[in-house]
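K.L.:
Here the structure of chain A is known, so what remains is to put chain B in place on it, guided by the hints.
So you can see what is in the structure, the chains are spelled out below.
Number of protein chains: 2
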Amino acid sequence: MPLLFERIKDIRNHLERLRCDEGKSIGFVPTMGYLHEGHKALIRESKVQNDVTVVSIYVNPTQFGPSEDYERYPRDLDRDMAICEELGVDVVFTPSDEEMYPEGFSTNVNVSCITEILEGEFRPGHFRGVATVVLKLLNIVQPDRAYFGEKDYQQLKVVQKMVKDLNLPIQIIPVETVREKDGLAFSSRNVYLSEEERDSALSIYKAFQLAQKMISEGKRQSEVLINAMEDLIRSHPHVTKIDYITITDPELSPVQEVREGDRILIALWVGGTRLIDNWKIKL
Amino acid sequence: MPLLFERIKDIRNHLERLRCDEGKSIGFVPTMGYLHEGHKALIRESKVQNDVTVVSIYVNPTQFGPSEDYERYPRDLDRDMAICEELGVDVVFTPSDEEMYPEGFSTNVNVSCITEILEGEFRPGHFRGVATVVLKLLNIVQPDRAYFGEKDYQQLKVVQKMVKDLNLPIQIIPVETVREKDGLAFSSRNVYLSEEERDSALSIYKAFQLAQKMISEGKRQSEVLINAMEDLIRSHPHVTKIDYITITDPELSPVQEVREGDRILIALWVGGTRLIDNWKIKL
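Top to bottom, those sequences are chains A and B. Take 1 as the starting number for the first sequence in this note's numbering and just add one per residue. Take 1 as the starting number for the second sequence in this note's numbering and just add one per residue.
Only chain A is shown next, with the shape it has when bound in the complex (with noise of 0.2 Å):
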């Protein structure tokens, strides 16, 4: 079984000794449970690339709107564990909210511009969130090295951001998203997703088919390919609301004209699932 601590000063004392006096490399992954095969992958990539590897579970309340659904993320720790422990992870951190953010809590990180688009635009607030908890994660864990998932692209590039910023003595890796058989992006949200819901979903992952198709076909305009998925999107009955779907360079902004390595950025919402996706354009 790996280690649990639900304690900052447990956690850094026993990593102090690890990282220190045994001069081992230390590989984090941060979560908020529920683990996939997403998850399963980062966890895989750390265990390859440093001696330890710590996984934090924490749903963090910060990043969540007040209308949005942290009530009812899905949450179970002792099937996180068996994952965790059939991948070998050292050390599994799992703080409360007392823990995180006593009383008298008071500071927040922002990283402007890249926050206040996309995702920013529709979840106001999410990325001083997910900035300020990762910063934390970061300070009690001090890994050589943090993974995080292309799935969520924009947070990769907004903690990438912020580590560069503030000059924190961590390399930040990305992992390539993880797809089911049919295309469907793991996500911990797909488990609000009933079957026919989850038909809807998947047409996500077939309007990024039909873009790269459409480019293949040597079409390079983003609004004609965007106009294209829209319309495949929308053909799909469980699909409630679009709330962007937009073609940006890897820095996230905009193109009128595609080009190798751009991201195709979807957020969409399922009946009462909002589910978000991006896809890398080859040429």
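It should be emphasised that the hints constitute simulated quantities derived from the structure, not laboratory data.
Copies of one chain are not kept apart here, so a pair can be met inside one copy or by any two copies together.
Quick list of in silico lysine-lysine cross-link-like pairs, DSBU-like style, CA-CA up to 35 Å:
{"hint": "1", "residue 1": "Lys-9", "residue 2": "Lys-280"}
{"hint": "2", "residue 1": "Lys-213", "residue 2": "Lys-282"}
{"hint": "3", "residue 1": "Lys-206", "residue 2": "Lys-181"}
{"hint": "4", "residue 1": "Lys-47", "residue 2": "Lys-280"}
{"hint": "5", "residue 1": "Lys-9", "residue 2": "Lys-24"}
{"hint": "6", "residue 1": "Lys-181", "residue 2": "Lys-219"}
{"hint": "7", "residue 1": "Lys-181", "residue 2": "Lys-213"}
{"hint": "8", "residue 1": "Lys-40", "residue 2": "Lys-241"}
{"hint": "9", "residue 1": "Lys-151", "residue 2": "Lys-164"}
{"hint": "10", "residue 1": "Lys-151", "residue 2": "Lys-219"}
{"hint": "11", "residue 1": "Lys-206", "residue 2": "Lys-219"}
{"hint": "12", "residue 1": "Lys-164", "residue 2": "Lys-282"}
{"hint": "13", "residue 1": "Lys-280", "residue 2": "Lys-219"}
P.N.:
Only chain B this time, still in chain A's reference frame:
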């Protein structure tokens, strides 16, 4: 001579070796240069408590308001280096603005509540600039201990709060204000004062002494003490504006009746020079 580094990468490599390979403890004194007896006290304390002492000299533009004294803030690296050598400082870090804030820099740290009062009211954005640059410097140097003067009492509290809230593995060590023989607190900005202005600047220390005397005579009402201090200060011809005279508990909440350890905080202008100082109340 202390080793002088201008690049983040270089100082980091150097300190990494001392910290990890040689197991040295690191003390850090962040300054804006033009070192005086106050800085020297910080450096001496660091020398006592650590194997290696690092001093940064950086006039941080982001903590100055647009109409403040960033441009004319006194700078003299040769003099500072001589002082550092004399005191046995091991490493001096003098980054450029480009090194600290490269193009596209967009992250900042906010400590709410205690940054909005007192200095925060009169210098909007000041503590955001301070917190952000201190966090960057702490991440670059990764000291075991960092030293801050009580002269900038609110700054000390902001840094302590940030370090606690963000779980930085660093001890913040406060060091008592150092005063000239006549009571004027050492400050790089004292160089702005003419001889006559310097005399009016002394009204701050005289006000502390007056309040302390009244307290020793049994007076405990903040309002009474503040009024007496204000009258004394206003009798000095070169005091052009009083920003605040207040009495707070150690956490900067105003008090009506003073107790041991409370603080008198004063900010005022002498001619074109803004001065701040504070006093720990003894009953």
